[in-house]
Structures are given as C-alpha cells and as structure tokens.
Amino acid sequence: MTDAQRPDYIESLKPRVLLGRGADPAELAAPLGWLASDGGSFVTGQTIVVDGGVTIT
Amino acid sequence: MCCWANVQGRRALLFGDEIIRRLPSVLLAAACTSCGIADGASNSIGQASSDVPETLSAAVAAAQANADRFSSGDFAGVWERMSREVRDGITREDFVTFYETCKKTGQKIRVAGVRLDAGDAALVRMEVGGTDQSRVMLFENGNWVMKPTRLIQVTPNPSWRQTLAASAAMKPPPMIRWDGYAAPPSSLIPRKVGLARDLAQQWGSRKGIRVNAIAPGFFESQ
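These protein sequence lines map, in sequence, to chains A and B. Here the first sequence is numbered in this note's numbering, starting from 7 and rising by one per residue. Here the second sequence is numbered in this note's numbering, starting from 64 and rising by one per residue.
Since the hints were derived computationally from the structure, they do not count as laboratory data. Quick caveat: nothing in here was measured; it's all calculated off a predicted structure. Positions of the beta carbon are idealized from the N, C-alpha and C atoms, including for glycine. Relax, there's no trap hidden among the hints.
Chain B side only, calculated, beta carbon under 8 Å to chain A, not exhaustive:
id, residue
1, K255
2, V256
3, N275
4, A276
5, A278
6, P279
Selected chain B positions facing chain A (in silico; Cβ < 8 Å):
id, residue
7, A259
8, R260
9, A263
10, Q264
11, G267
12, R273
13, V274
14, I277
15, G280
16, F281
Go ahead and model the full structure; you've got the sequences and the hints to work with.
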C-alpha cells in the first residue's frame, strides 16, 4: 500500500468503529494500567476488548 | 505466542506487539527467544558459505548455542548471553522463573541463515515449526549476544508482581501505519480469550500468576 492509498484505507475502516475513529494509544494504556495495578488484583483469565465498539456493531 | 517476563509473576497481562511498542510506561517487554534445538545451520542467505565473513558464522553459532540452552532448560545460561538491555532490565532469577513457567522446551529450531544487518548486528533466520522467524544478534564486548525481539521497560511499582506476555497477534498485511488487532474480530478475539483463559489456568495453579488480555481495536502506531 502506498502513502497515497493509506489515508483512504484508514477512512474505510472508520465506519466499522462505533465511535467513528481510531484509538489513541493512551486510550489503551488506561485499561492496561488498571489491570497491572492493585485494582485488578483479583482479575485473571479475562480479555478486555478496547476497540471503540467494533465487535458489537 | 511470544512471551517474556519482567518480573516475578503474580499477575499477567497479555497484549499485542504494537501496544507494547507504544506504551513505554507500562513495564515490560519481550525477549522472545524461542526454545528449542538448533539442529543445523547454513551460514548465508543466498550466497555460498565460503563467502560469509567469519564473524557471521560466529553469530550463527551463538544463536544456535542459545537455542541449545533453551532446549536444555539452561535459562540462566541464556540470560548471560542476552544483550545488555535484557541483563540490565531483569535479574537472572526472574528471567529463569519466567522461562521455567512459560516456555516449553524441545521445539525444533533450524538456524537457516544470517546476514549482516549493521556493523555490530546480524540478522539470523530460523525455521521454527515450519515458519521462518528472525533474531538479531548483537556484537557486544567481543561476543555475539541475542537481542530481545522487543524490550520496553520501566521500573514498575515495586509491589507489583507481574508478568506481561506479548501475543503474536494477527495483522492484515496492508495495515502498515494502523494496526487492527480487533480485525478480524471473528477470529482474533476468541483466540485471545482462549489463550488468556488457558494461561490463567496453567500459570495460576502452578505459579500463582494472573493472566489477562487486552484486545484493542484500530489505533495509530508508528
């Protein structure tokens, strides 16, 4: 994929995201930080989906 | 799965490679050196072995030796031959604890080639379970040592006892700048769920390690 094609491709992905945009990496850091903190100390074997609603649309 | 440890296992996160790359504040990393037996080596990619500089042969030999150490369970020996960033980032004890917990020995690895990547680095190609993988060997202090596939490290809360595992997540080939681990969600999410549950059961009962996963959607990466 060329640089010229890439923006179009990214735009084509957005309709699949319920929130209409891609995530900022910081938005993934928050749940990661929680899992790693004492607040997540009794959580195991779980998968937390952080995808802006892709999997529910 | 590609995994590694920083620390002293009680809790584990499981997440994709790109996330790790973009989250320097989140500890860990991946020294993903597959365990197994190096059962042979040629010395070049696309050129006769006699043309390969001797130092590249040494890099292949070092990679093979590290694979042999993995296969024999000599994880302390592996730690000693990892690059400095690994040895500075994790103690030998923690390194051994992690690999004893999560690595299966005996996987067959064939060192299939090498090329000089820079003056002090060589890219070693390995055939592992029918697939090609690569490792970077660095020339440090007169020896070829293995570079981790990924390493991000920050000093964590000293009370944390956690291990992070980096999954080799699927990524559609055209997605260069953007990564979409949630795509296709139909196959990726169940894999992550299954892996997290399996590892939680295996590691939780044996080592008291907690394993969780993050399944991200589209996000911008570099």
